[in-house]
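For reference, the chains in residue letters:
Protein chains: 2
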Amino acid sequence: MGTTGLSIGQVAERTGLSVHALRFYEREGILASPVRRDPGGRRVYGEDDVEWLTLCVILRASGMPLPAIRQYTEMVRRGDGNEEERLALLRLHRERVTAQIDQLSRCLDLINHKVGVYEDIIDRGGAGHECVAPPSSENKPGRAERS
Amino acid sequence: MGTTGLSIGQVAERTGLSVHALRFYEREGILASPVRRDPGGRRVYGEDDVEWLTLCVILRASGMPLPAIRQYTEMVRRGDGNEEERLALLRLHRERVTAQIDQLSRCLDLINHKVGVYEDIIDRGGAGHECVAPPSSENKPGRAERS
DNA sequence: GTAGGATCTAGAGTCGACTCTAGGTCAAGT
DNA sequence: ACTTGACCTAGAGTCGACTCTAGATCCTAC
Numbered sequence: 054m055g056t057t058g059l060s061i062g063q064v065a066e067r068t069g070l071s072v073h074a075l076r077f078y079e080r081e082g083i084l085a086s087p088v089r090r091d092p093g094g095r096r097v098y099g100e101d102d103v104e105w106l107t108l109c110v111i112l113r114a115s116g117m118p119l120p121a122i123r124q125y126t127e128m129v130r131r132g133d134g135n136e137e138e139r140l141a142l143l144r145l146h147r148e149r150v151t152a153q154i155d156q157l158s159r160c161l162d163l164i165n166h167k168v169g170v171y172e173d174i175i176d177r178g179g180a181g182h183e184c185v186a187p188p189s190s191e192n193k194p195g196r197a198e199r200s
Numbered sequence: 054m055g056t057t058g059l060s061i062g063q064v065a066e067r068t069g070l071s072v073h074a075l076r077f078y079e080r081e082g083i084l085a086s087p088v089r090r091d092p093g094g095r096r097v098y099g100e101d102d103v104e105w106l107t108l109c110v111i112l113r114a115s116g117m118p119l120p121a122i123r124q125y126t127e128m129v130r131r132g133d134g135n136e137e138e139r140l141a142l143l144r145l146h147r148e149r150v151t152a153q154i155d156q157l158s159r160c161l162d163l164i165n166h167k168v169g170v171y172e173d174i175i176d177r178g179g180a181g182h183e184c185v186a187p188p189s190s191e192n193k194p195g196r197a198e199r200s
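Protein chains in written order, with the working numbering: chain X, 54 to 200; chain W, 54 to 200.
Treat the hints as calculated values from the structure; they're not laboratory data.
A hint or two may mislead.
[What the hints assert, rightly or not] Beta-carbon label-pair distances, calculated as ranges:
1. D91/W <-> T151/X: 43 to 53 Å
2. S71/X <-> G93/W: 25 to 35 Å
3. S71/X <-> E137/W: 18 to 28 Å
4. P87/W <-> S86/X: 51 to 61 Å
5. R80/W <-> L119/X: 27 to 37 Å
6. R177/X <-> Q124/W: 20 to 30 Å
7. E172/X <-> G62/W: 49 to 59 Å
8. R90/X <-> L119/W: 41 to 51 Å
9. G169/X <-> R80/W: 28 to 38 Å
10. R130/W <-> S60/X: 46 to 56 Å
11. S158/W <-> S60/X: 26 to 36 Å
12. D176/X <-> D176/W: 48 to 58 Å
A quick note: this is a predicted structure, and the numbers were derived from the prediction, not measured.
Ideal Cβ placement from N, Cα and C applies to all residues, glycine included.
Sequences are here, hints too, so could you generate the full structure?
Okay, structure coming up:
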């Protein structure tokens, strides 16, 4: 079993991408090597394609836009010699991802805080006042919550 | 100085939302209280609106869709008595956010791994093989990108 | 009294990343 | 022979969240 040879459906299953998305990615130039076709004109993927697509899925999941993935793909297609370029792109993306994580963590802090506030309100079955004004209040009561 | 009274432009500046977005949010029912208008028909916001919008910005930044924010807004508008509901919504969102952070962290691991691989390649000035999988994944004895 | 800037409304347009449709081919199973 | 189901292409449609346009109004400054 030298050449595995997977159908688009099988690749979809393995990568989690839809068959539509796979064809779309191909049109977008997101495949390291041109897809082979069988005598009937159907796409035949290899294990390496699956690996590459798996990487793409991860890059997408971390928010890399398709144009950037295409750029990266092109570098890889051009072969050895542009490792610095690839590294730069990856580092840039890494920064974006860490920034994203940081932002989400800050949001999470606030959400946790708010959850805590509501838990308190409910625990003591009381009318707590909220930081943000509910309808009837022309309120000016101090702000509540904050750590 | 009693009632602050901010214009849409000022609110845009403070919340980071565009004036367009502010009007859009209003149409979408994303304001806890209906916006007041001055004699000329222009919107007049209060500090509480800014606080509410700031919260909305944070919820959006953490990926809460506008319909969910609208739901939450409606609960707040209905006033006291639905704290459990609000809490449930917040908890659900919190789970989504932590899931997102987890996923991003996993992506980051892989990206870091790949960055490391490229750094090695460059450091030793060599063309090398690399692997797509993260550390300690038993992978086909395959290599990677680029056929 | 007029130019400039901020604001108003309603509605159209954009962008990214798919997703779906229509209409057709192909291989296997009954 | 025929049905089924996976696959093909080209291109249209969707979705979310804005963003922008046009044409009008209003306030301040000169």
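These are the hints, each one checked on the structure:
1. D91/W <-> T151/X: 43 to 53 Å: Because 44 Å falls inside the window, the suggested range holds.
2. S71/X <-> G93/W: 25 to 35 Å: Cβ of S71/X to Cβ of G93/W: about 52 Å, so the range 25 to 35 Å is violated.
3. S71/X <-> E137/W: 18 to 28 Å: violated, 38 Å
4. P87/W <-> S86/X: 51 to 61 Å: holds, 59 Å
5. R80/W <-> L119/X: 27 to 37 Å: Cβ of R80/W to Cβ of L119/X: about 31 Å, so the range 27 to 37 Å holds.
6. R177/X <-> Q124/W: 20 to 30 Å: holds, 25 Å
7. E172/X <-> G62/W: 49 to 59 Å: For G62/W against E172/X, whose Cβ atoms are near 38 Å apart, the range 49 to 59 Å is violated.
8. R90/X <-> L119/W: 41 to 51 Å: Given range 41 to 51 Å: holds, Cβ gap about 44 Å.
9. G169/X <-> R80/W: 28 to 38 Å: holds, 32 Å
10. R130/W <-> S60/X: 46 to 56 Å: 53 Å Cβ-Cβ, so the 46 to 56 Å window holds.
11. S158/W <-> S60/X: 26 to 36 Å: holds, 33 Å
12. D176/X <-> D176/W: 48 to 58 Å: This hint holds: roughly 57 Å between Cβ atoms.
In summary, the numbered hints that this structure violates are 2, 3 and 7.
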